Amino acid sequence: MSTPLLELDKVQKHYKSNRSSFLGKPSYVKAVNSVSLRLFEGETLGLVGESGSGKSTTGQIIAQLISQTSGTVFYKGSDVTTFTNKQMKAWRKKVQIVFQDPYASLNPKKKIEWIVSEPLVIHRIRTKVERREKVVEVLEDVGLDASYLHRYPHELSGGQRQRVAIATAIILNPEFIVIDEGVSALDVSVQAQILNLLKQLQNKYKLTYLFISHDLNVIQYFCDRIAVMYLGEIVEQGRTDLIGSNLKHPYAQALFSANPTVDENKTQIVLGGEVPNSGTPPAGCPFHPRCAKAMETCSSFKPSDVHLNQTHVVRCHLYKTIEGNSKDTIEEAIR
Amino acid sequence: MSQPLLSVQNLDVSFTFQDGDYAALKNISFSVYPKEIVGIVGESGCGKSLTSHAILGMLPTNAMIKKGSIQYRGTDLVSLTNEEWQSIRGSAISMIFQEPMTSLNPLLTIGRQISEVLKKHTGFCNKEIKEMTIALMKEVGLPRAEELYRAYPHQLSGGMRQRVVIAIALIGEADLVIADEPTTALDVTIQLQILELFRKLKQTRNTSLVFISHDWGVIRKVCDRVIVMYAGHIVEEGPIEEILQHPKHPYTQGLIQSIPDYKKRGEPLHTIPGRVPALRERRGGCPFVDRCSLRMDICQTTYPEGKKHGNHQVKCHLYAQEAINI
Ligand SMILES: Nc1ncnc2c1ncn2[C@@H]1O[C@H](COP(=O)(O)OP(=O)(O)OP(=O)(O)O)[C@@H](O)[C@H]1O
Ligand SMILES: Nc1ncnc2c1ncn2[C@@H]1O[C@H](COP(=O)(O)OP(=O)(O)OP(=O)(O)O)[C@@H](O)[C@H]1O
Ligand SMILES: [Mg+2]
Ligand SMILES: [Mg+2]
Numbered sequence: 001m002s003t004p005l006l007e008l009d010k011v012q013k014h015y016k017s018n019r020s021s022f023l024g025k026p027s028y029v030k031a032v033n034s035v036s037l038r039l040f041e042g043e044t045l046g047l048v049g050e051s052g053s054g055k056s057t058t059g060q061i062i063a064q065l066i067s068q069t070s071g072t073v074f075y076k077g078s079d080v081t082t083f084t085n086k087q088m089k090a091w092r093k094k095v096q097i098v099f100q101d102p103y104a105s106l107n108p109k110k111k112i113e114w115i116v117s118e119p120l121v122i123h124r125i126r127t128k129v130e131r132r133e134k135v136v137e138v139l140e141d142v143g144l145d146a147s148y149l150h151r152y153p154h155e156l157s158g159g160q161r162q163r164v165a166i167a168t169a170i171i172l173n174p175e176f177i178v179i180d181e182g183v184s185a186l187d188v189s190v191q192a193q194i195l196n197l198l199k200q201l202q203n204k205y206k207l208t209y210l211f212i213s214h215d216l217n218v219i220q221y222f223c224d225r226i227a228v229m230y231l232g233e234i235v236e237q238g239r240t241d242l243i244g245s246n247l248k249h250p251y252a253q254a255l256f257s258a259n260p261t262v263d264e265n266k267t268q269i270v271l272g273g274e275v276p277n278s279g280t281p282p283a284g285c286p287f288h289p290r291c292a293k294a295m296e297t298c299s300s301f302k303p304s305d306v307h308l309n310q311t312h313v314v315r316c317h318l319y320k321t322i323e324g325n326s327k328d329t330i331e332e333a334i335r
Numbered sequence: 336m337s338q339p340l341l342s343v344q345n346l347d348v349s350f351t352f353q354d355g356d357y358a359a360l361k362n363i364s365f366s367v368y369p370k371e372i373v374g375i376v377g378e379s380g381c382g383k384s385l386t387s388h389a390i391l392g393m394l395p396t397n398a399m400i401k402k403g404s405i406q407y408r409g410t411d412l413v414s415l416t417n418e419e420w421q422s423i424r425g426s427a428i429s430m431i432f433q434e435p436m437t438s439l440n441p442l443l444t445i446g447r448q449i450s451e452v453l454k455k456h457t458g459f460c461n462k463e464i465k466e467m468t469i470a471l472m473k474e475v476g477l478p479r480a481e482e483l484y485r486a487y488p489h490q491l492s493g494g495m496r497q498r499v500v501i502a503i504a505l506i507g508e509a510d511l512v513i514a515d516e517p518t519t520a521l522d523v524t525i526q527l528q529i530l531e532l533f534r535k536l537k538q539t540r541n542t543s544l545v546f547i548s549h550d551w552g553v554i555r556k557v558c559d560r561v562i563v564m565y566a567g568h569i570v571e572e573g574p575i576e577e578i579l580q581h582p583k584h585p586y587t588q589g590l591i592q593s594i595p596d597y598k599k600r601g602e603p604l605h606t607i608p609g610r611v612p613a614l615r616e617r618r619g620g621c622p623f624v625d626r627c628s629l630r631m632d633i634c635q636t637t638y639p640e641g642k643k644h645g646n647h648q649v650k651c652h653l654y655a656q657e658a659i660n661i
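So the protein sequences, as listed, match chains A and B.
Going by the numbering used here, the first sequence opens with residue 1, and the numbers climb by one from there.
Going by the numbering used here, the second sequence opens with residue 336, and the numbers climb by one from there.
Be careful, since some hints might not be right.
[Claimed, not checked] Within a straight-line C-alpha distance of at most 25 Å, the following computed SDA-like cross-link-like pairs (lysine to any residue) qualify:
no., chain 1, residue 1, chain 2, residue 2
1, A, K89, A, V262
2, B, K401, B, F350
3, B, K598, A, L201
4, B, K465, B, M436
5, B, K473, B, L491
6, A, K109, B, M399
7, B, K473, A, K110
8, B, K535, A, V262
9, A, K89, A, A104
10, B, K535, A, I269
11, B, K401, B, Q421
12, A, K110, B, K598
13, A, K16, B, T444
14, B, K599, A, F40
15, A, K93, A, K111
16, B, K599, A, T240
17, A, K109, B, A613
18, B, K370, B, K401
19, A, K206, A, V80
In short, the hints are calculated from the structure, not lab data.
Here the structure is a predicted model, which means the values were calculated and not measured.
Modelling step: build the complete structure from the supplied sequences, incorporating the hints.
Structural data, given as structure tokens:
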């Protein structure tokens with residue numbers, strides 16, 4: 001197999017928590033817990049899961065806007081922490097991020113022209129006149145136009161701000177974009193335009209996307225593979241066509257059963273129990289307190305990754321690797 | 336039918352730019368009845384947030400109401416003074432803003448921000464307020480509430496912030512809650528929990544809700560009725576299933592065809608060609624004319640009147656012959 005464009009190997013991110021700690025020992029929020037992921041050139045991986053499960057944190061580690069507590073991020077096989085300053089600068093041009101909350105990520109004191117051309121300025125590209133042309137071009141790509149150049153972010157609607165953030169991310173022709181809820185403020189027709197644009201760019205430049213979204217209809221339409229997060233861990237990953245009847249992890253099943261659509265009325269798997277706490281995650285499987293299929297082992301032992309086939313990985317005690325079999329001939333273990 | 340709780344009539348709102356005034360909302364008329372959940376959908380930039388800001392008396396400084404009325408329980412809000420409007424906000428009408436960070440103070444802890452609002456509405460002592468705050472945080476599904484009480488907004492995930500904003504909006508037990516994309520940052524299971532909470536408020540406290548969202552699945556799940564806006568106008572309105580099954584306005588039809596779906600994988604999504612005219616470019620005639628594949632001559636020149644088909648209303652010349660004027 002070819003080298004992945006990007007790889008996360010057992011990445012963790014722990015934040016010191018605000019909890020007043022017992023006996024003065026600091027406690028930690030395990031925002032991301034042992035996440036391993038690979039992204040190949042030209043593909044789109046959808047990252048879905050619980051709110052607060054660590055998706056944005058994972059995205060920001062990938063773009064190295066925050067550094068991981070442990071684990072390694074590889075880009076084309078090299079560890080990004082070993083990059084020299086010069087390499088890092090070149091790399092930052094190739095890897096872009098569209099933030100979840102455009103209001104918080106766009107500089108409120110600057111006009112749209114300044115914001116969208118900033119990456120060009122930082123990377124010393126083009127003259128002023130050329131920059132303006134390029135800015136207008138990308139604004140038009142995202143369904144805006146030159147009339148927005150002299151506006152401030154607060155003078156735009158939510159979806160217009162979001163499109164400014166997308167324009168800023170694509171202006172440098174990156175190789176990889178983390179799109180964190182990047183189309184979620186858009187009505188479906190503008191969203192369709194943006195998704196078509198992202199696909200076109202992908203086809204033309206072999207762009208790779210990590211696409212974080214709660215909109216499971218968009219995920220199913222747009223992504224080649226999905227990874228489902230729960231409490232800092234990736235509990236299942238595989239090809240998008242698993243969705244439907246082939247998802248294995250009980251959390252992933254519950255999540256997709258709750259997806260509201262316009263043409264069906266599904267029976268929803270209701271999740272009982274308290275919302276989990278990443279400060280004191282449960283022992284064993286993080287999902288076991290809410291899992292209808294939990295067994296005794298689930299509360300004491302952490303499940304490890306089970307490779308059901310080459311692309312389908314699930315972290316759950318219900319399934320196990322049959323000894324002696326190669327990774328792609330694994331049967332479902334019988335309870 | 337009972338009296339509407341909120342009735343907006345012929346509302347026009349304009350922005351003042353250096354070179355003149357430009358209309359951003361034109362002829363907006365709709366009502367919300369007690370215990371009703373009304374959805375608003377429409378193209379990004381069409382004026383959904385602006386409409387809700389007008390109802391709350393929170394228009395940006397360069398915008399103003401040119402004409403029309405906004406009646407709440409029969410009182411016209413447009414003529415209120417700032418103080419009067421202040422007393423309505425939060426207790427009679429409350430708002431969940433589109434981007435959580437627009438309404439949270441980055442320098443104050445979550446606990447403090449919720450408590451301040453609670454104090455204003457209840458007058459309890461600090462200890463009780465703290466307990467109430469934590470109970471409220473749990474009610475909207477926030478995990479580790481005791482700890483997040485001491486956290487700052489940047490330490491929360493997007494969906495956690497959104498739940499804080501929802502919690503704050505529910506404190507005053509307002510009769511009308513305007514929720515602007517309130518669940519976009521929530522995963523579908525928590526989203527359902529919040530939608531359930533809204534439905535419960537409707538049942539137990541007769542709360543009405545205006546629900547702005549682009550997510551038709553969610554709209555279908557909670558709304559009784561839906562309003563479709565385009566370029567500052569209301570173009571269609573009706574019961575949600577009716578609009579989904581039989582959209583009349585070409586814009587609504589295009590919108591519904593653009594809904595992403597697994598079955599459309601591998602092919603480009605349907606889009607509506609062209610883009611919404613900028614404020615300065617808006618002229619008379621039908622606002623959708625430049626992008627409409629079914630346009631006729633009259634659409635260029637004459638603004639279409641509203642037509643009623645039962646409880647389904649549409650503003651489009653295609654239906655001129657068929658229905659009753661409103
Ligand atoms: N700077 C920080 N300090 C402390 N805790 C943090 C910080 N940033 C994030 N967290 C915590 O890390 C966890 C994961 O947050 P993250 O933003 O990655 O979630 P998410 O999956 O993107 O959620 P959402 O879907 O709601 O956006 C949350 O519990 C959050 O409170
Ligand atoms: N302060 C302002 N000055 C000038 N124009 C503004 C200002 N605020 C908003 N606008 C414009 O008014 C129009 C309506 O904005 P509004 O925020 O109501 O849109 P919206 O329907 O909520 O869109 P979205 O779905 O993208 O949030 C937009 O075209 C926007 O650019
Ligand atoms: Mg997030
Ligand atoms: Mg808006």
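Here is how each hint holds up against the structure:
Between K89(A) and V262(A), the direct Cα distance comes to roughly 45 Å. Violation of the 25 Å bound is thereby established for this hinted pair. Of the pairs offered as hints, the one joining K401(B) and F350(B) holds, with about 10 Å between alpha carbons and a cut-off of 25 Å not exceeded. Proximity of K598(B) to L201(A) is assessed by CA-CA distance (about 22 Å); at most 25 Å being required, the pair is judged to hold. Pair hint K465(B) plus M436(B) holds up; C-alpha atoms about 23 Å apart against a cutoff of 25 Å.
A C-alpha spacing of about 15 Å is found between K473(B) and L491(B), which places the hinted pair at or below 25 Å, so the restraint holds. A threshold of 25 Å between alpha carbons decides the hint, and for K109(A) with M399(B) the separation of about 23 Å falls inside it, so the pair holds. Taking the CA atoms of K473(B) and K110(A), the gap is near 38 Å; set against the 25 Å cutoff, the hint is violated. In summary, the hint linking K535(B) to V262(A) is supported, as the alpha carbons are separated by about 22 Å, within the 25 Å threshold.
In summary, the hint linking K89(A) to A104(A) is supported, as the alpha carbons are separated by about 24 Å, within the 25 Å threshold. A hinted pair counts as satisfied when its Cα atoms are at most 25 Å apart, and K535(B) with I269(A) qualifies at roughly 20 Å. With a C-alpha separation of about 21 Å, the suggested pair K401(B) and Q421(B) falls inside the 25 Å cut-off, and the hint holds. About 42 Å separates the Cα atoms of K110(A) and K598(B), which puts this hinted pair outside 25 Å; it is violated.
Restraint check for K16(A) and T444(B): satisfied, since their Cα atoms lie roughly 16 Å apart, inside the 25 Å limit. Proximity of K599(B) to F40(A) is assessed by CA-CA distance (about 23 Å); at most 25 Å being required, the pair is judged to hold. With a C-alpha separation of about 22 Å, the suggested pair K93(A) and K111(A) falls inside the 25 Å cut-off, and the hint holds. With a CA separation close to 13 Å, the supplied pair K599(B) and T240(A) stays within the 25 Å bound.
Restraint check for K109(A) and A613(B): satisfied, since their Cα atoms lie roughly 23 Å apart, inside the 25 Å limit. Proposed proximity of K370(B) and K401(B) is contradicted: the alpha carbons are some 30 Å apart, above 25 Å. For the hint linking K206(A) to V80(A), the alpha-carbon distance of about 21 Å falls within 25 Å, and the restraint holds.
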